[in-house]
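Build the complex from these two chains, which are given one at a time in their own frames, with help from the hints.
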Amino acid sequence: MDVFGSFTLLLAFVCAAYAFVGGIAAILTRHPLLVKSTRQAGMATCVLIFIATFSLEYLLFSDNFSQAYVVSHSNRDLSAFYKVAALWSGQEGSLLFWSFLLSIYVISVLIAYRNKNGELMPYVGVVLAGVQIFFLTLNNFVESPFKTLAAVNASGMLEPFARMDGNGLNPLLQYPEMVIHPPNLYSGYTGFTIPFAFALAALLARYPGEKWIHLTRKWTMVAWCFQSLGILLGAHWAYAVLGWGGYWGWDPVENASLLPWLTGTAFLHSVMMQEKRGMMKVWNVWLVFCTFLLCILGTFLTRSGVVSSVHAFANSHIGPWFVGFLMLTMAVCFAAYAKNRDYLKTENMLDSMISRESSFLFNNLLFLIACIAVLSGTLFPVFSEWFTNNRISVGAPFFNKVMIPIGLTILFLTGVGPLLAWRKTSADSLKRNFGWPLIVGLLCGVAAFALGYHDGASVLCLFLCGFVTWTIGMEFYRGGKVIASRTGMGLLMASHELAMRNTRRYGGYVVHFGMVLVFIGLAGAAFNTEAQKAMNIGDSMNLGKYTLVLQSADTKAEKNYTAQRMIVEVLEGNKQIMMLYPEKRQFQGTEQAAGTMVAIYSTLREDLYVVYAGMDPDTNMPVIHAFLNPLVKWIWLGGVWVVLGTLLALAPNRRAALVMAGAPQTASSAIAQALNPGVPLREGHD
Amino acid sequence: MIKAKRIVYLAVVLALAAGPIVLAQTAYSQRAKEIATKLKCMCRGCDMSAGLCAHPGGSFSGPCDTAKGMLKEVDAHLAKGESEQQIIDAFVAEYGSLVYVEPPKKGFGLVAWLMPVAYSVVGLGLLVFVVRKWAMKPPAPAVPAGTAGAAPNEALARARAQASRETED
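So the protein lines, in turn, are chains Z and R.
Counting from 1 along the first sequence, just add 104 to a position and that's the residue number in the numbering used here.
Counting from 1 along the second sequence, just add 8 to a position and that's the residue number in the numbering used here.
One chain only, chain R, in its complex shape (with noise of 0.2 Å):
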């Protein structure tokens, strides 16, 4: 009978020895690690996002104790139950909109993402315009390569004479 409570004792201290080891290595879970990527590690030092800090330069390269503590706030968050958009708004209205590592799809952020559609609609546009009025154009003589386009100007003829004599190499 002694020998059994002593071994749950035995049990019990182990296991509370052991606690602190296990809770260290598992501080926050995949699923607030998988979130922290989208915001950024609020250190000032290391420029990465919380879930993947690996604070280069720092003494430690793992997640640095402000991502840390940013993992272990996502869980909280989590804890209540709530999604991973009220997560993200959540830290925005905490820390602000530097938080979140891409510009939101909302407001001035929007603009950041339309830019690039932008210039790419524009340029498709204005190209599939240059193409068309270069294409109308009625086809020129045949002249050799490297002359094209060469106005029947001697001047400019004797010029590009002296120039390809000079540049020879």
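Looking at chain Z on its own, in the form it has when it is part of the complex (with noise of 0.2 Å):
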């Protein structure tokens, strides 16, 4: 099975590069068969790209230990389920599961588009296996999955042999939100080739703008949905599973996947700018290229070792394909901007300084501004090592700092942003739309404070959220009057069929709600208190409000590790709320590594995060180490929200019929509307 898993690798590799070659050569001759066949090539690269993963998977799941892969990161009693996450446990595993990836896009675009953009596709073809080049080229023969296990026989050969038993999966990563993270955070990072491929491929076929930009912007919305969601899972898993009480340590691989999510947030607003009034175009271009090229980036700092992570694959060799990957899609992408520059020629024009139109460059400012300061902040201790041989720390207070007004200033222009009318703003009208949302964000402030949250950026956080909250519901309550008072709908249903008119629009305003429900559990952060102690059966602690009360400890062996349990009772007062049954559970196979199940008691004011932290090393006696994080769980309630609002947002518009009826559609008009479901109902608000 390996050899024929390396193989189908290696005919990919043939197809990929048969893909482009022949992909090119269609450009330049527009034969029609060739056009055809590079596509098919195209479509054999991916399906041939899904039989080598799978292939692995089939050495995974019978247990072959003659396999080098399969002995690093799967063992005999490693349950079925983390068979499929090895896969992806290890460099060259996750490296072939990132060209599988990519494969289902790249697949689906070929399908979807195969009658279609007759002009773009052979251009879009050629990059997408431009790209698979490179992430075969690596498969094939720089960090090749299928590689067997040989040592030297008496006569002095090498000849291949088998271990009895592997060294097992990382028992961090035996997890169940960890075979779920990296594919989510994966589709992300693969999902922006899409965007990448079509940008580039009109700017070399000179198509005409507002068509790739709408075809790219489902696929941008796809993506972001999927680097989203990985986002948040790694953060839950880092809370649920390291035990260190947190979600996010500005960790440089956090961070990496932070950038492209930053820069692919401020294209999704900038493009309603070129789809609307025809300008940046420019700036479009070269947003969705940084994403892509933060995306290599993100997987070159991941992997290379360049920055110190705790994340695993540091120290691998594959740096220098990443460089030279980054340099070469630099060097295309500009090459291709000198040449074609005139085509993105833009109309730029401001009817006012107050308006829609200037809130989104704000926007896009603060997002390129958070997306620079991360990737510098991230990039800084390299930096000082170069220049003054001394490496510097830029640990996570520094990113507190610097981000936080950032972010508190881009949620700020959440709310402002959908109050100032495109064109123009007039100052009455500003007058009447912030009224009402100032005075509850100020409540909503005041209420905070009231309630114990003294801190300042918490305090403004919490306004800034009953701010944006508020317009949002204003949206969504006037747009529902509107159609309420035309067809006699109880005003929720009015909403929802509102939105379900206008799903881009009211969906964005549901992923706006989701990430104000994320900054809520963000700003629990400044409270965060913990205590740790070494109890004896009987004894208690006490952490706010909670009294824990230690009532068994015990050890027990289980398939592939031994657990030490705890039974904690947590009382409130007198009473008693629940029981939590915190783990530390000691891998076998593994040297000296350890997973901690955390016991967390969630409201929606507080987390209680109880951690089994082992015996003390000195008294012997079993610790526990508790946390109380306020509000936490808002964040993942948000993460929820982001993705119901993306894929609303997806949906196709449902036909205003009922309201167009007193008021007959104009066919112009109809296909407007039509093409560019962007266009609200009701522009503006007055």
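Since the hints were made in silico from the structure, they are not lab data.
Note that the coordinates shown come from a computational prediction; the quantities given were computed from them, not determined experimentally.
Certain hints may be false.
When the alpha-carbon atoms are kept at most 27 Å apart in a straight line, the in silico DSSO-like pairs for lysine-lysine are as follows [claimed, not checked]:
#1 K505/Z with K449/Z
#2 K76/R with K528/Z
#3 K88/R with K46/R
#4 K649/Z with K41/R
#5 K505/Z with K46/R
#6 K505/Z with K114/R
#7 K76/R with K41/R
#8 K187/Z with K663/Z
#9 K449/Z with K141/R
#10 K113/R with K505/Z
#11 K80/R with K46/R
#12 K141/R with K443/Z
#13 K449/Z with K322/Z
#14 K585/Z with K528/Z
#15 K88/R with K113/R
#16 K505/Z with K141/R
#17 K535/Z with K585/Z
One side only, chain Z facing chain R, incomplete, derived with CB under 10 Å [what the hints assert, rightly or not]:
#18 M453
#19 I476
#20 G481
#21 F502
#22 I510
#23 G511
#24 M719
#25 D720
For glycine and all other residues, C-beta sits at the position ideal for the given N, C-alpha and C.
Here's what the structure looks like:
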């Protein structure tokens, strides 16, 4: 199976090379058969990569311990669930998995647009094949997942041999979320390849801007949704497994995943400027280019060991490959831009300084500043070593100080943007629109302060959360009221109808609301408290309003680990609330690696987060490490809303038959609406 | 009399026996912990601060031995009556600049702090410049959304029409 797997990978490489070279020939000659055959080569590449991936999974499932990858990342006792995850737990496998996910996107694009966009698709195919060639080069020649073990035998010859058992999967990865977090994040990373391919192809083919942007928007949203979900699941995994009481540590790998998310978010906003006003064409192309480049850069940072990180993969030799690919991609982008930049010529124009347009410009500026700040902060230790030969730490406190003001400003704009009309907003309407949201925001801020949240940034954050929530609510209320009055529906049904008629706009608001919830959760971080205590059975400790009583502590041998278990009774005052069962898992086969199973009593107000820290090395008494983390649950709730909002934004618009019945729609406006679903039924608000 | 002596004796023994436990639990002060959140745990295995070290993956998720050592060191400095800044300086002198979790606000470290400010100022300046430039242009004739900026170019119009046919979805 390993020979089969590596052979299919090699074939995939050949097919991708043909799709690339043949694709260029097809563009030059415009021969229809060549166009068709290169497209099919592109599809064949994907299918071959699928087969290779399944081959590796087969090797993992069949416990084939003659395989280096299987030995390193699996063992006999590993449950089937984690054998699937072993695919992306090591360098080689995760690179193959990368190719696999990219192939899902590529084949979807090639099939979905096989009879459409005849002018553009050959270019798209070439760009996609180019990216696939890079990853297939790594899969085939640099980090092959199909290496067999060999040993020197008695006569000095190398011969294959098989181990009895493997080393097992890193215990920190043996957690359900670790099975879904990487696929989500990788789907985000790889998904940004599609907008990149369309942008570069459109630039090369001089394809009309509105069209590629229309095609790209949906793919960007899909990738963005996966990226958001991947980041949040990663945060939740860090929270629930690592046992340090936090969810975000500004680790280089976390930062790397945030970078394309920030530029991708900027693009999803500025794309509206181009769709509605034909502005910022150059900017948008470069945002898409940068998003893709940041994905590659992020992967490079993660896997090359350039910046130190708690994440694995460090110190491998594939760094130069990524740098090379990054340089090459950048060169191609610059060359394409230099050659065809006249096609992006934009008539940029603002009717007023205070308008939706200018708020989008601010939005983009802030996202870009956020991105550059995270990037430069992450790379700063490397810079300082270059320039001063002295490594400087850039830890979480630095990022918090820099990013909190930027994040809060973005949050503020989230509320302001929808209040501003396209083109021009009068001072009068501003006053009218701002009044209530400001009052509600202030009430939230005061309430937060009264509830004991005495921290400037947090109170400001909660004030803004109230402000933004009210503006979003007003959007639904006003639109809903119009539909309700015309159709006689209830307001709630009418708001639903409103959202379904313009899914993109109201989906966007739902995403904004999700981000508000995330921000509420983040505001709680300033008030985290913790306590650690070595306890005998029956001892208790206090944390906030809770009393923790240690009921029992024991050790139990499981299939591939030994569990140190604890039963902790949680009391509030004298009332028993619940029992918590934190665990410490010591895994076999791996040296000294332990996992924590954190027990969390989660309410909207706060999380009681209890870790069995292990036996105190000095006293040999079981130690409880407990954290009280306010508002964390809101982050995960926010994540759910973000995903729901994105799904809503991706859904097709429902026809507004009832509204239009009163005012017969002209053919041209119907087409404009169909082509450009972002055009709201009422533009502006007055 | 003998009974009283015994009680005292027992109390001393108990106190001695219990001492290490009490000491182990409070091996470092809360203040030391606060200060140590600004010091990186130098075990190189956890990438956390010494004050918050939970050492993920270690057999004990509390402060690891390195972090404990650092916490005790902070306490030793505190006992000498040193201020927080003095303690941090002492650690930097001992372990190098890597030990402080933030870039120092002097020397090359200052660059890290100034960079975000510089981006913001430059970015904002550029934005204001661009907005002013764009806003000064004469208002364009009203064009339907989505076709704004269309040049009266027949080939382009044809391409657009074709594109819209092909991308209808």
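The hints, checked one at a time:
no., hint, result
1, K505/Z with K449/Z, "violated (39 Å)"
2, K76/R with K528/Z, "violated (61 Å)"
3, K88/R with K46/R, "holds (19 Å)"
4, K649/Z with K41/R, "holds (22 Å)"
5, K505/Z with K46/R, "holds (13 Å)"
6, K505/Z with K114/R, "holds (17 Å)"
7, K76/R with K41/R, "holds (10 Å)"
8, K187/Z with K663/Z, "holds (15 Å)"
9, K449/Z with K141/R, "holds (16 Å)"
10, K113/R with K505/Z, "holds (13 Å)"
11, K80/R with K46/R, "holds (15 Å)"
12, K141/R with K443/Z, "holds (26 Å)"
13, K449/Z with K322/Z, "holds (24 Å)"
14, K585/Z with K528/Z, "holds (24 Å)"
15, K88/R with K113/R, "holds (25 Å)"
16, K505/Z with K141/R, "violated (33 Å)"
17, K535/Z with K585/Z, "holds (21 Å)"
18, M453, "holds (5 Å)"
19, I476, "holds (5 Å)"
20, G481, "holds (7 Å)"
21, F502, "holds (5 Å)"
22, I510, "holds (8 Å)"
23, G511, "violated (12 Å)"
24, M719, "holds (7 Å)"
25, D720, "holds (6 Å)"
Checked against the numbered hints above, the structure violates hints 1, 2, 16, 23; every other hint is satisfied.
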